[in-house]
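The primary structure of each chain is shown beneath.
2 protein chains.
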Amino acid sequence: MTSCGGLLLALCLAALTGTTAVAAAYERTERNCSASPPYLPSTAVNTTLRLQELRVQMLLQNISAYIIPGTDSHLSEYIAPRDARMAFMTGFTGSAGTAVVTQTKATLWTDSRYWVQAERQMDCNWDLEIDVSVRSVAEWLISEVPPGGYIGFDPFLFSLKTQGDYSVFLESTNRSLMSVPVNLVDQVWTDRPPIPPGNLTRLPDRVINRSWEMKVEHIRNQIRENPYEPTALLLSALDETAWLFNLRGNDIPYNPFFYSYTLLTMDEIWLFLHTERVTEELKVYLNAASCSGPLCVQLKSYDSVREHLQTYVDQPGVKVWIGTEYTNYALYEIITPEEKLMTSTYSPVLTTKAVKDETEQRILRDAHVRDAVAVVQLLMWLEKAVPEGKETELTAAAYVNKCRSKQKDSRGPSFETISASGPNAALAHYSPSEETSRRLTVDEMYLVDSGGQYLDGTTDITRTVHWGTPTAMQKEAFTRVLMGNIEISRTIFPSGTRGVNMEMLGRRALWEVGLNYGHGTGHGVGNFFGVHEWPVGFQSNNIPFRIGMFTSIEPGYYKENDFGIRIEDVVVIKPAKTKYGHNYLTFETVSLVPYDRKLIDTSLLSSEQLQWLNNYYETIRKLLGAELDNQGLHEEKKWMLKHTEAFMKSGSSESVCSSSLTLIALAVTLLHNII
Amino acid sequence: MTSCGGLLLALCLAALTGTTAVAAAYERTERNCSASPPYLPSTAVNTTLRLQELRVQMLLQNISAYIIPGTDSHLSEYIAPRDARMAFMTGFTGSAGTAVVTQTKATLWTDSRYWVQAERQMDCNWDLEIDVSVRSVAEWLISEVPPGGYIGFDPFLFSLKTQGDYSVFLESTNRSLMSVPVNLVDQVWTDRPPIPPGNLTRLPDRVINRSWEMKVEHIRNQIRENPYEPTALLLSALDETAWLFNLRGNDIPYNPFFYSYTLLTMDEIWLFLHTERVTEELKVYLNAASCSGPLCVQLKSYDSVREHLQTYVDQPGVKVWIGTEYTNYALYEIITPEEKLMTSTYSPVLTTKAVKDETEQRILRDAHVRDAVAVVQLLMWLEKAVPEGKETELTAAAYVNKCRSKQKDSRGPSFETISASGPNAALAHYSPSEETSRRLTVDEMYLVDSGGQYLDGTTDITRTVHWGTPTAMQKEAFTRVLMGNIEISRTIFPSGTRGVNMEMLGRRALWEVGLNYGHGTGHGVGNFFGVHEWPVGFQSNNIPFRIGMFTSIEPGYYKENDFGIRIEDVVVIKPAKTKYGHNYLTFETVSLVPYDRKLIDTSLLSSEQLQWLNNYYETIRKLLGAELDNQGLHEEKKWMLKHTEAFMKSGSSESVCSSSLTLIALAVTLLHNII
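In order, the protein sequence lines correspond to chains A and B.
For the record, in the first sequence the residue sitting at position 542 is 542 according to the UniProt record's numbering, with numbers rising by one throughout.
For the record, in the second sequence the residue sitting at position 425 is 425 according to the UniProt record's numbering, with numbers rising by one throughout.
Okay, chain A solo, but in the shape it has when bound (with noise of 0.2 Å):
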């Protein structure tokens, strides 16, 4: 799946624009506000009321505007319906925006992915802003806002970075941003959904290397050697505490997350949660009964983990480490004065999760065998039913979710599914709704982006097909996508490239003929975490490639209103051995389902690309046929052998030389025969 969203939003944003169309596929029922009386749609949400309590609760704090982001207090790419707040107060239900309230004006800024949405959802008290910038929310804060007034936000919402590039812009034209850890949307949101009520589970042994002990001590051990000297380390971000218990839940959608913050120091452990959730067993697994000794864990109520970190600051002598990307700057304001606290991009345990231990790898690879055979299965299933005419774009997303469910292990979709014919394929980040659902036919391409949660791994692939005759063009776009994708995979480089460094080579075939893709080139991908698993990928922010980690790797193209193309897989990072050195790294290919022999012009490849696909293919019959032969799936199997023959070079100079031996041969013979 590309990565929009969450924390690279702004930039992925920014290399999105200009390719990323507008929502055109929605039916034109957006609200008018300029006609008498004004239209609205009837799925436009009335928020009158709501903003009328809202600016109450802003006069009680004396703040002229309020700032509501679309994350919640871990800054999680996915968040919890309790969380929508910019939802409710807006209507708008998109899963990127910032909304800004004054006493007078509320606005909306998304992007244009959202455009249409907002204007079908909201009512006409939003204004919609579509220059999504911090810049744009504070150029248009500074014009609302008389000098020396206070803008509020809830500092568990904002990242250091978010609240760091608003104070560059406002303070020096004298408005100030000022803190309220309460928040004012959840004052006025009377049916806020509650906490989901299941409890957390612990993974079972076989899919664990590391008890969450060991961990505990690993992570200790790099507390204790790191040169400044920190005392505790704070964790935010949900997947470290859940990494670091061995621990699963179910509080957001798509990702087995709960809401957690860790504290851990050197002789404590204090885990904040929703105490409740927490059974007798699991008590007894995290020693949290009779707590005593640095390997038994404290269970502290979520709630409280401002002031217990501000009883630990208070202490002489204490400095807390945190990882500035995914800490919200609610606990980062109050590990003060500076000396207390001591920053790095990364938390140790984000960037020590990034490289899979040899048990991770493994259950992570047999993941993806299972994967395969559910892709494989709606990928035979669509080449029959497509020409029937019945099925879509939505029936079709059902059908690869029910193939994955039956696999071992599942648990569920690690995404909403992108399933995209024709046009809607060059959407970014488009799913099917009963609205836009598109039949297939023979006459588009179809692009399926999909991922499961296992209890071993995290999946994640896409393939582009065409059941009928593909124009050149799209032969074109397809090979050349296919061929960065092969470049990145099979390139050597030395262990400590990062990947920012070398994804060109995803698009450079495209950039060849004057194409490109709007989005990234790839993300880290988890056991059973999220399916976007940073700081691994080819961003600029992410960390260099090391032995042992996963990412997916999708270049892709789009033509505006026509189709769109994507192909990705997911690799892992492991030695290559060359002829002079040493500690070379190269990718290995984990997502094993073939590409549509249809949409591949070989002559465009050159031998060494023809030649992994080749070995690609081998890998895909020998760990792929094996599978299918243990569940019995033999329909499956043919078609997989089938669409994995091995490619001949065609019009190459190769076959050109061949048939001149034949000439020659039949030359000889001629000879032979006459003389």
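Don't take every hint at face value.
It does not matter which identical chain is used: a pair holds within one copy or between any two.
With a cut-off of at most 27 Å between alpha-carbon atoms, the simulated DSSO-like pairs for lysine-lysine come out as follows [claimed, not checked]:
1) Lys406 - Lys384
2) Lys579 - Lys559
3) Lys574 - Lys215
4) Lys579 - Lys598
5) Lys559 - Lys577
6) Lys475 - Lys577
7) Lys574 - Lys283
8) Lys300 - Lys215
9) Lys475 - Lys579
10) Lys559 - Lys319
11) Lys161 - Lys319
12) Lys390 - Lys105
13) Lys598 - Lys649
14) Lys577 - Lys638
In case anyone wonders, no lab produced these hints; they're calculated from the structure.
We have chain A already, so just place chain B on it with the hints.
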């Protein structure tokens, strides 16, 4: 020339770690301070007295330690003798280092290139530290300076970043940095060299498209249009002022610069320089005689810049724009409060200068044609002279310098010629001296990296040759370095792509067999400016490529104690035609000297690479051929033609094919004859 000097030193050194060799070519005449009495070679400098005097100055300022960097007030890559304060204090004359003095200790930090040299030049007053990071210096300071102590520095010699880095490390431990605007070394340096006497010169009209008045208006427009509403621009880098006024000087070795700052407002121009060096003619040129209106230049004394800047800043409503990369801390620190400061990484002069106008492009290409004549003369002469056994690295360097000096508009070398044979070529930034110069033989590879200053342009080119029989490994390494050069040169990319995102193309063929190099891949060059003209190039802090920029491309490979290879060309960025897209760019090579054919294994080259090479040789034949004709250099022309013959792919399928086709023809002929 590879770029490891100046501001990028820290970055570059990090890249070199592990690959740079100690300068083993020096004879072992290092000091031995643990002997009794200590042994000091004749090359060591007695620093006892000057240290005593400096320590008195430090006591007067109440500082516990004093930091002495190796740069000048303009953070220049090359410094004038009068700015060699670190060398004066330590005895060590290497181009990179930092010295720190306390009342009891004196320590130098320099990198591995210079360790032996430092041990030869320093007396036993000085310790040598080998970790050159700011952190290392800071940790030493923390161990030597008591809490509450002050650490002095000359703010003119610190960049904002250097000051910030020290500050981060020191402030949290209760040691304070203290800006001491009068340089303490200068107080004890009684025979400090004076300002060079030469006058400034203006560029002739034939090498100029934009008058200084046009440039001033252009930059003022950028100030006017900046949304942060600056009222003035402060220029600190020497090439900024030189560019703005189309002036040149002779204060800095190899760089035609003069000591200067500029403060440009909407209606005034203040030029800070040694006013006595401005001739009457130049005063007229600058409208400086009776200055009134926005397009006359007010000449101010160089040493009054802080004072005048203070006066300007004290006015209400002003805001000064600075580029943070080249402004020293002494000027930065007086632009207070914060709302009077506006920063960008580079000043608009540097980013404007990076894109050459049509005249600049034309004359810079022209300079490269004449420069190629000199390099061809060197290579041709060496081919004959080396087997006779009398030539050395030094005589070769002298020869190419002499050849360049005979070319039209020559203004000397653009840096110290790197003329390196055998193992010397494996040393980063080696230049020959009487002690180290090797005799050139047919048994060793030879690398020559040299460039010229011409009134119309600055050049920089590296060729590596072998006059005997190269080993298979040398040939493979050379070919792979060449493949890197070609792969970057021929790539097509969208306008605005950054060099850092494609520089791996220069390494990829090497990586494939486990080889690499430890320096950057290229840097901008200018029109009669510095040979490293940032911010253009392939480093991570370089700006995106645009049409009209010039950069070097210079991959290499270095085998310690054995040989070194580098192939460097200067290229211009120009539009590329593509099948589907617009606004795509590519490179065109403007250096025009053939590569050593003997070292190219064409069987490793792809057909695209071979075609690029043959096209390039066609260009050399056309452009250089005409110039050689013009200059009546017939022997050189013959030599050039011989070395630019088209390559045929050896051992490739094409040649197999063509021989098969010959066989077929033969067979058919035979058949024809028989039948």
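Taking the hints in turn, this is what the structure says about them:
1. Lys406 - Lys384: within (21 Å within a copy, 78 Å between copies)
2. Lys579 - Lys559: Intra 42 Å, inter 15 Å, cutoff 27 Å: inter-copy only.
3. Lys574 - Lys215: within (23 Å within a copy, 54 Å between copies)
4. Lys579 - Lys598: between (37 Å within a copy, 22 Å between copies)
5. Lys559 - Lys577: Result: close only across copies, 20 Å inter versus 40 Å intra.
6. Lys475 - Lys577: Intra 34 Å, inter 21 Å, cutoff 27 Å: inter-copy only.
7. Lys574 - Lys283: Close neither inside one copy (38 Å) nor across copies (67 Å); limit 27 Å.
8. Lys300 - Lys215: within (20 Å within a copy, 65 Å between copies)
9. Lys475 - Lys579: Close across copies (15 Å), not inside one copy (36 Å); limit 27 Å.
10. Lys559 - Lys319: Classified as neither: same-chain Cα gap 52 Å, cross-chain 46 Å, threshold 27 Å.
11. Lys161 - Lys319: both (21 Å within a copy, 25 Å between copies)
12. Lys390 - Lys105: The answer is neither: 48 Å in one copy and 85 Å across copies each exceed 27 Å.
13. Lys598 - Lys649: within (14 Å within a copy, 33 Å between copies)
14. Lys577 - Lys638: Neither way: Lys577 and Lys638 sit 34 Å apart in one copy and 45 Å across, limit 27 Å.
In this structure, the earlier hints numbered 7, 10, 12 and 14 are contradicted, and the remaining ones agree with it.
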